[in-house]
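Number of protein chains: 2
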Amino acid sequence: MEFLDRYQQIVADAITKYTFKDKPTELYDPMNYIISHGGKRLRPIMVLMACDLFGGDLKEAIKPALAIEFFHNFTLIHDDIMDEAPLRRNKPTIHTLHGINVGILSGDGLMLKAYKFFEDLEPEVFKACVRIFTHTGLLLCEGQQYDINFETQTDVTFDDYIRMITYKTGVLSASSFEIGALIAKANFKDAKAIFNFGKHIGIAFQIMDDYLDVFGDQAQFGKKHAGDIYENKKTVLYLMAREHATEEERKELDYWYSKKTDNIDKVYNVEKIFRRTKVDEKALRLIEKHNEIGQSYLKKIAIPEDKKKPFAELANYLLRRES
Amino acid sequence: MEFLDRYQQIVADAITKYTFKDKPTELYDPMNYIISHGGKRLRPIMVLMACDLFGGDLKEAIKPALAIEFFHNFTLIHDDIMDEAPLRRNKPTIHTLHGINVGILSGDGLMLKAYKFFEDLEPEVFKACVRIFTHTGLLLCEGQQYDINFETQTDVTFDDYIRMITYKTGVLSASSFEIGALIAKANFKDAKAIFNFGKHIGIAFQIMDDYLDVFGDQAQFGKKHAGDIYENKKTVLYLMAREHATEEERKELDYWYSKKTDNIDKVYNVEKIFRRTKVDEKALRLIEKHNEIGQSYLKKIAIPEDKKKPFAELANYLLRRES
Numbered sequence: 013m014e015f016l017d018r019y020q021q022i023v024a025d026a027i028t029k030y031t032f033k034d035k036p037t038e039l040y041d042p043m044n045y046i047i048s049h050g051g052k053r054l055r056p057i058m059v060l061m062a063c064d065l066f067g068g069d070l071k072e073a074i075k076p077a078l079a080i081e082f083f084h085n086f087t088l089i090h091d092d093i094m095d096e097a098p099l100r101r102n103k104p105t106i107h108t109l110h111g112i113n114v115g116i117l118s119g120d121g122l123m124l125k126a127y128k129f130f131e132d133l134e135p136e137v138f139k140a141c142v143r144i145f146t147h148t149g150l151l152l153c154e155g156q157q158y159d160i161n162f163e164t165q166t167d168v169t170f171d172d173y174i175r176m177i178t179y180k181t182g183v184l185s186a187s188s189f190e191i192g193a194l195i196a197k198a199n200f201k202d203a204k205a206i207f208n209f210g211k212h213i214g215i216a217f218q219i220m221d222d223y224l225d226v227f228g229d230q231a232q233f234g235k236k237h238a239g240d241i242y243e244n245k246k247t248v249l250y251l252m253a254r255e256h257a258t259e260e261e262r263k264e265l266d267y268w269y270s271k272k273t274d275n276i277d278k279v280y281n282v283e284k285i286f287r288r289t290k291v292d293e294k295a296l297r298l299i300e301k302h303n304e305i306g307q308s309y310l311k312k313i314a315i316p317e318d319k320k321k322p323f324a325e326l327a328n329y330l331l332r333r334e335s
Numbered sequence: 013m014e015f016l017d018r019y020q021q022i023v024a025d026a027i028t029k030y031t032f033k034d035k036p037t038e039l040y041d042p043m044n045y046i047i048s049h050g051g052k053r054l055r056p057i058m059v060l061m062a063c064d065l066f067g068g069d070l071k072e073a074i075k076p077a078l079a080i081e082f083f084h085n086f087t088l089i090h091d092d093i094m095d096e097a098p099l100r101r102n103k104p105t106i107h108t109l110h111g112i113n114v115g116i117l118s119g120d121g122l123m124l125k126a127y128k129f130f131e132d133l134e135p136e137v138f139k140a141c142v143r144i145f146t147h148t149g150l151l152l153c154e155g156q157q158y159d160i161n162f163e164t165q166t167d168v169t170f171d172d173y174i175r176m177i178t179y180k181t182g183v184l185s186a187s188s189f190e191i192g193a194l195i196a197k198a199n200f201k202d203a204k205a206i207f208n209f210g211k212h213i214g215i216a217f218q219i220m221d222d223y224l225d226v227f228g229d230q231a232q233f234g235k236k237h238a239g240d241i242y243e244n245k246k247t248v249l250y251l252m253a254r255e256h257a258t259e260e261e262r263k264e265l266d267y268w269y270s271k272k273t274d275n276i277d278k279v280y281n282v283e284k285i286f287r288r289t290k291v292d293e294k295a296l297r298l299i300e301k302h303n304e305i306g307q308s309y310l311k312k313i314a315i316p317e318d319k320k321k322p323f324a325e326l327a328n329y330l331l332r333r334e335s
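For the record, the sequence lines run as chains A and B. Start counting the first sequence at 13; every next residue gets the next number (this note's numbering). Start counting the second sequence at 13; every next residue gets the next number (this note's numbering).
Derived from the structure by calculation, the hints contain no laboratory data. Check each hint, because a few of them may be wrong.
Note that the list lumps identical chains together, so a pair holds whenever it fits in one copy or between two copies.
List of simulated lysine to aspartate or glutamate pairs, EDC-like, C-alpha gap at most 20 angstroms [unchecked claim]:
| no. | residue 1 | residue 2 |
| --- | --- | --- |
| 1 | K278 | E96 |
| 2 | K312 | D171 |
| 3 | K321 | E304 |
| 4 | K320 | E261 |
| 5 | K197 | E134 |
| 6 | K35 | D266 |
| 7 | K245 | E14 |
| 8 | K311 | D64 |
Model, not experiment: these values are computed from the prediction.
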């Protein structure tokens, strides 16, 4: 997608321009290190897209877009410590290279640096953006804590799960769009509409992630097949399977999810229940449902349809990852 | 001091009133836990004092005062993980009770919650306060990193040290005063003056901390005698001693500081050098110097002297801890 490349270039240039040169380097180098490894950088792009949609000045949105990217990377640094992850984007994680203390501290610093990147905005817009930003950050922490709770919680419901992924994934995309809209001085209703578009696309994206873990083409998806099953993750597939399983199947699911094993029988049997309860179809329908809700919010915005095309394309890109 | 008791009560009431009731409790309970343990809560009191000095509405300053206290406690949670500290204010630290992951995450959340507590301010004041707050947070991270660097750095200078304690201790008191002043709509010059008062009192306080570690009355000071020497801490005493030592004394200092030992000979010999180089007197003079600089900033503020009395009293209280 041409428009994505264009935004990606803007973000990449800004990241180069705003590389931290502060001291001590032991604090700031790890921040530059993780930011430089890229990833798709979709969240800052969302800020720019929304700013463009509502006719704002893209230059004003660039530093706030970086704020979102920095914030995202701060969460990655701390999440990697919590998950004891040795690699991120195929590079050693910060705590692996420099120890947990540097990971904690450079993560903290990166979160604070993110706030600085709103400071060029005039006070009214500054306050509106920083409020959203702080609120989003708190929801991310809450989502992360719910996710941790799920590991030991036996009565996780479908609604619990949707809330968790909304907080962990949906809200940051949603807020990225909303912040872009506010910088462009969009009205409250439109800003909320683009927020909700982002939220539901984010939810759909996360459900797709769960789906592809089991039903995806491994070569394209690029992760270990059924990693979530091996890890006993309470994904949407698991939760829906448990809901629609027979008494006997539920017992079998509970049996397999009560232990961590690399036994291939586990994946084989769990997947059999997944197919029997048709959670693959259900998950695809759920993705479609959230996509449609997202699109309906997009439709509410009184702007010519052709200007909204990139948003539909982005949703397609995110939700058709296999094709 | 009567005025301190009054402010302390206001802060204590506000902390009770704003106890976090959010979910998940696994995230928010640790925040309430550390905040409820108190400490002197001098920083939020500084916000209130400055607001009062400049004739502001104390009610507007209460939530920002809590923001400072929350931020301070966030740094304590993360510092305790980094220092592997089992106790804080005689209670088990959060990571000791709940593990490192909960410590990291509830610290992150507490920092974010702190930002929320400025949101009742009107946009202009909000932006001014949040800017100071973010900047202060970054300096604290930098100070913490310098402190970590000092452990292995052999060429720490006196200026390095002053910068480190300024960032780690001075700036947060300074900013607490400044934020209180801004909420009261003090002019820029006065806000900077009260900032600088706080900064130099903070620096003096930290030097006093180093001094009392060796020359304090152990019973009153309440810490292990010469803990800094056992820990090879590059305190102001060590740095000044090294500067004024003979070649032979310097070699002896380097010898003792090259190893960690509980050997009482270490303390005996290091203290002998401290006394020979007269760093006790030098430290007291340095404390007095920073106190005087602080007082000179206080003098510049065009407000009747009797209104400033609590500030001089607070400085006295902080810098005469032994008497």
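Hints and how they fare:
| no. | hint | result |
| --- | --- | --- |
| 1 | K278 - E96 | neither (24 angstroms within a copy, 39 angstroms between copies) |
| 2 | K312 - D171 | neither (26 angstroms within a copy, 60 angstroms between copies) |
| 3 | K321 - E304 | within (15 angstroms within a copy, 65 angstroms between copies) |
| 4 | K320 - E261 | neither (45 angstroms within a copy, 75 angstroms between copies) |
| 5 | K197 - E134 | both (12 angstroms within a copy, 19 angstroms between copies) |
| 6 | K35 - D266 | neither (52 angstroms within a copy, 27 angstroms between copies) |
| 7 | K245 - E14 | neither (36 angstroms within a copy, 57 angstroms between copies) |
| 8 | K311 - D64 | within (17 angstroms within a copy, 52 angstroms between copies) |
In terms of the numbered hints stated before, the structure departs from hints 1, 2, 4, 6, 7, listed from lowest to highest.
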